[in-house]
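K.L.:
Residues in the sequence shown are numbered consecutively from 1, following the working numbering.
One or more hints might be untrue.
In silico EDC-like links for lysine to aspartate or glutamate, alpha-carbon gap of 16 Å or less [unchecked claim]:
no., residue 1, residue 2
1, K8, D84
2, K11, D84
3, K8, D119
4, K11, D114
Label-pair restraints from in silico Cβ distances [to be verified]:
no., residue 1, residue 2, range
5, L86, K115, 40 to 50 Å
6, M21, L86, 19 to 29 Å
7, L116, V87, 19 to 29 Å
8, I56, F29, 15 to 25 Å
9, S91, I31, 37 to 47 Å
10, K11, K44, 32 to 42 Å
11, S39, P65, 21 to 31 Å
12, F29, L76, 21 to 31 Å
13, L86, S50, 14 to 24 Å
14, Y85, I25, 23 to 33 Å
Worth flagging that the hints you see were computed from the coordinates, not collected in a lab.
Glycine is no exception: its CB is placed at the ideal position from the N, C-alpha and C atoms.
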Amino acid sequence: MRLKKRNKTPKATLILNTIAMIMGIFAIFNIYKSHMYVSSLIEKGFDPSSEVAEVINYYLTTVTPYIFYGICLVALGYLIKKVDYLVDAKSVSQLDKEYSEKAPIEKDEDSELDKLFEDLDV
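Sequences are here, hints too, so could you generate the full structure?
P.N.:
Below you can see the structure in the form of structure tokens.
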């Protein structure tokens, strides 16, 4: 039962990945809307070849925040998942220590053989 719990993805990671996907959808939507806006400007007589820097700047200012925050959210979710795994591993090692302290100490087979040979006087 403990292994099932350990293999589950933390809720925070799922939430962050979902929000990152929403940010990705917003980024795609903004790329489309930016393209439509620049296309409408071209129809009105705007020459994009003379103002390439302005067109690129417009695309970057409308799309970059969503892409950046989406990447940051995915990275944060990844870190949370790794930290959760480390905390789980630490608790498992703590359980191992508790078990080894409570478990009876087994006798070493070599010491039993030594006693047997002493009894036989070999």
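K.L.:
Is it true that the CA of K8 sits at most 16 Å from the CA of D84?
P.N.:
10 Å, holds
K.L.:
Is 40 to 50 Å right for how far apart the beta carbons of L86 and K115 are?
P.N.:
45 Å, holds
K.L.:
Given a hint of 37 to 47 Å, does the C-beta separation of S91 and I31 actually sit inside it?
P.N.:
For I31 against S91, whose Cβ atoms are near 45 Å apart, the range 37 to 47 Å holds.
K.L.:
Confirm or reject the claim that L86 and S50 have a C-beta distance inside 14 to 24 Å.
P.N.:
Because 55 Å falls outside the window, the suggested range is violated.
K.L.:
Does the hinted range 15 to 25 Å hold for I56 and F29 at CB?
P.N.:
19 Å, holds
K.L.:
Note whether the CB distance of L116 and V87 lies within 19 to 29 Å or breaks it.
P.N.:
Violated, at about 48 Å.
K.L.:
Sort out whether D119 lies within 16 Å of K8, counting only the CA atoms.
P.N.:
Distance ~57 Å between K8 and D119 Cα, so the pair is violated.
K.L.:
For the pair M21 and L86, does the Cβ-Cβ distance stay inside 19 to 29 Å?
P.N.:
26 Å, holds
K.L.:
Mind checking the alpha carbons of K11 and D84 for me, to see if they're no more than 16 Å apart?
P.N.:
Holds, at about 11 Å.
K.L.:
Okay, K11 versus K44 on CB: inside 32 to 42 Å?
P.N.:
49 Å, violated
K.L.:
Please test the hint of 23 to 33 Å on the beta carbon pair from Y85 and I25.
P.N.:
Holds: the Cβ-Cβ distance is about 29 Å, inside 23 to 33 Å.
K.L.:
Within 21 to 31 Å or not, the Cβ separation of S39 and P65?
P.N.:
22 Å, holds
Violation of the numbered hints given earlier is confined to hints 3, 4, 7, 10, 13; the remaining hints are satisfied by the structure.
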